[in-house]
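Start from chain A and add chain B according to the hints.
There are 2 protein chains.
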Amino acid sequence: MLRTHTCGELRINDVNKTVTLTGWVQRLRDKGSLLWIDLRDRYGITQLFLEEGKSDQKLLVAARELGREFVIKVTGTVAERHSKNDKIPTGAIEIKVESIEVLNQSKVPPFTIEDATDGGDDLRMKYRYLDLRRNIVRECLLLRHKMAQQTRLYLDGLNFIEVETPVLIKSTPEGARDFVVPSRIHHGEFYALPQSPQTFKQLLMVSGFDRYYQIVKCFRDEDLRADRQPEFTQIDCEMAFITQEDILSTFEGLVRHLFKNVKGIDMPSVPHMTYADAMRFYGSDKPDTRFEMRFSELTSVAKGKGFQLFEQSELIVAICAKGCAGYTRKQLDELTEFVKRPQIGAKGLIWVRYEEAGTLKSSVDKFYPEEELKKWAAACSAQPGDLMLVLAGESEKTMKALGELRLHVAGQLGLRDKNKFAALWVIDFPLFEWSDDTKRYHAMHHPFTSPKREDIPLLDIDPGKVRANAYDLVINGSEMGGGSIRIHDRATQQLMFSKLGFTEEEAKKQFGFLMEAFEYGAPPHGGIAFGFDRLCSLFGGADSIRDFIAFPKNNAGRDTMIDTPSTISEEQLDELGLTIKSENSNR
Amino acid sequence: MLRTHTCGELRINDVNKTVTLTGWVQRLRDKGSLLWIDLRDRYGITQLFLEEGKSDQKLLVAARELGREFVIKVTGTVAERHSKNDKIPTGAIEIKVESIEVLNQSKVPPFTIEDATDGGDDLRMKYRYLDLRRNIVRECLLLRHKMAQQTRLYLDGLNFIEVETPVLIKSTPEGARDFVVPSRIHHGEFYALPQSPQTFKQLLMVSGFDRYYQIVKCFRDEDLRADRQPEFTQIDCEMAFITQEDILSTFEGLVRHLFKNVKGIDMPSVPHMTYADAMRFYGSDKPDTRFEMRFSELTSVAKGKGFQLFEQSELIVAICAKGCAGYTRKQLDELTEFVKRPQIGAKGLIWVRYEEAGTLKSSVDKFYPEEELKKWAAACSAQPGDLMLVLAGESEKTMKALGELRLHVAGQLGLRDKNKFAALWVIDFPLFEWSDDTKRYHAMHHPFTSPKREDIPLLDIDPGKVRANAYDLVINGSEMGGGSIRIHDRATQQLMFSKLGFTEEEAKKQFGFLMEAFEYGAPPHGGIAFGFDRLCSLFGGADSIRDFIAFPKNNAGRDTMIDTPSTISEEQLDELGLTIKSENSNR
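Here the protein sequences come in this chain order: A and B.
For the first sequence, counting from 1, position 321 maps to 332 in the numbering used here; every step adds exactly one.
For the second sequence, counting from 1, position 397 maps to 408 in the numbering used here; every step adds exactly one.
Everything labelled a hint here was simulated from the structure, so no lab data went into it.
A hint or two may mislead.
Because identical chains cannot be distinguished in the list, a pair is counted as satisfied if it fits within a single copy or across any two copies.
[As the list claims (entries may be wrong)] The calculated DSSO-like cross-link candidates involving lysine-lysine, where the alpha carbons are at most 27 Å apart (straight line), are: (1) 341 - 450; (2) 84 - 463; (3) 271 - 157; (4) 297 - 408; (5) 274 - 316; (6) 137 - 519; (7) 316 - 510; (8) 297 - 377; (9) 520 - 118; (10) 510 - 118.
Chain A extracted, bound-state conformation (with noise of 0.2 Å):
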């Protein structure tokens, strides 16, 4: 090694010891007669000292050259520091610096290389490598090494085998668009990128592995949000004969296991509930349980007093904000307004103040005198100085507005705090959703899920109503993992892949290797994926997964420093056989 020691590493008991560091000039301070330099290496930082009189002229001038970022080694002495700094833990020591060579030069980086950097988002994406320097930018990739490491040390401890799954495999129609890879050799044929190793690791049950696992990357070809990268990670974990509490036991133990061994966090179990039951009462399959703030029905209670609005509505529905019955006009506004955002979609907002002394005022006064406002109270189990929140419309999208606004409120009384944890396992999923679009029911969770038994005759009838065993963990109201038992033999299958509008024939030609190999003695499994990017930024008290990606691309699908995607040559389109549109013969 160039050093003998990292910046991170020296201590006051290591005073005396002529050492030798490398690492970058994180910055220079030249009070004339002293000359400190902060050197920075992945480990940490340590100051390194000159003094006009007692060092070497020579390497002063050497000192006095140095610009931000060069990269140095340094030999010295450990000192004391007069004036110590207890924040870093080498701030006990400085470095009387006997010898510097410059390893290389540094050009002035585009923006400071500083936890607040004063870089735009866009220059940090080019300058990627310089932006890794930070160390909050590291910190979040150390974070996900740590949940790497922790993640296979749990399932490596309960016997899951990693299995590395193909990545260039064949493009199905089923769920979202695939990224394609055109074959040279096999002319006009393409592989496809996975997007989830789902068939490969119901296939490794077949072969009796038992109990899988891998940490692997996988490939949407969608249209671009915020936060959604076309190339993700997933912790993806398959087991058999198992039932469906032993999924969600061993996997809340994985669970468990991270915020201990990563956050030193003792979660407690993980609650249960069904998806019926979530939509109910927090409009959301994912709700963030940090709080309550459960909704109540109040259509009974409300219809029939001559009030319009509610006269015309499926639903009407509440949640009690706790102690904020001293909301002023213009709070109740701000709210009215939020509600009335074209993505809420509401049309408007009644609130209902039970003050302190006992009386309830609303914004429908008009039509409910106090007496009928306090059964409304009584049904929200709201107390004197809480505010009710009510909205009334056709029942799903109201439902899901107010999810909206609970989420809202509960974020202006601080109870999404990022640093407090709660999780859920939502349960019995609906098996297909409806599609406006195609006209056709699509499965919710994907063709491989299991349809309750017991719901099983419900699929010619009524196939909305028939739930699936399917699961998601949902942790501060996101959907951080999600899975299901499968689907293990050949009949049900098939008749999975009819009620999603395959023709036999696709679903041969799709997936018959699959339902082949159900024919060979496949065992009774289920398994879960979680996203890891999610999961890491979850952790690490982030909004966004980018920081937890090391190169990520941006909301265009580009990385801007590599630049890529970008133009092949002439030669290897001619190789692969293919030809590109011109723009006006494009659709």
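Just chain B now, with coordinates in the frame of chain A:
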């Protein structure tokens, strides 16, 4: 869990326990009054037992209906076996069956699920999920799992950070052919799949990550040969602030750790040999050093005696096969045939028997009397009982041919034992190799490899003579890994690109980001990558990597199980803005 125990778990001290097992019916032995079933899962085999008269009659009927590979769930009582089987860990017990539930039936598998299967390669690939049920194949993947875990354990212990680098990157012309991925959003543009994360790991060093590793999928669209896969896995590593010696000792440590912890073998420290010596002594840059049999040059000793073949030869070189003086004429003819094969390309073979009696007999007695042959023997350090094998001709070709002969003879002599391991660092590789095809120098390693400082003056005068700071780890004659100390300044990198025939513009377009990064304080750095598939197969004592990959492609790059590559829909092509050239317009 559907089971209380696995099929590999029960022992004599479990007798009388009521247990539930799940697994596959391996075989059924029906002796009329007694019925045995071998139940198999990943963990082992447990014998089930039913007895006419004692077991329930319905149960006996059900048991007799079981077929091979049926998946069953069995409850029963653990009993001591009358005749124990000490070949399996559960051989002391059997289960007296009380109930059987068929979890899934199985058609008769297309080949037997046994270590010695009757299935051919093609069938096994098509039904890979059944092939993976065979112990012998599963063991390969369990070994791989263990190798991966131990690799991470070692590198984690040395402060390496695991970082995931992107899969959707940029196509570059240097090196092998890229797989490309058309972008739907950016019409006419493409991503490329990485042949290695080379530039990204170097950028991580520029970022100060100091020590990086990743077990990572890489991709090469090469014409496939046996045992080459379009996607393969690397252990990819990089370190900053190091010398070449640091890299060699760190990764020698990794390999020794793996041998110790995966195979229980204490490996001695790994010798270093220059590329020049490897070529001189073994005619190969990846010599098998499980045995010596080094080359001895006879050019000066043997020339000038009127033997036409030798007089016309640039090089005369021999190996000495210890104790082989007794080789029959037939054996020697076979060796002569071997070297004359077109793949080897020698014109003929000269042999000299140093007989036990001390006399020397050769195929060139006419030209070389015994006293001349004695000089050969001295040059070869041959002893009575040994056989010398001599090739002559153009230097490079002759060395290569003798290298092949050396391996062939060693194979015959049983010197290439799969359970013996000999590792070697080959260092000081040439920086460039000349290509007769393109009439220019190519980077022997890659364009980021640094030249030896003392050879830099040769860059302009004699590029072929410039040595690189590049090294390979060779085990048993196979390259297991290779790497280099990298260039870390813009000027040298630019010079390197120009020597490789890049115009300044091309270099900038392809690698501008890297050269720019070198201007912002790039530290000295270097690294290595190991072929993980090959390393696993070496550890597994296999010749082929295929059984160490869960779902390999065949030699035509095809996965016959899922049937890919395959056609995609017109709609997909449209969205990508691509058309497939008709066969006749394609070159």
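*So which of those numbered hints doesn't the model satisfy?*
1, 5, 7, 8
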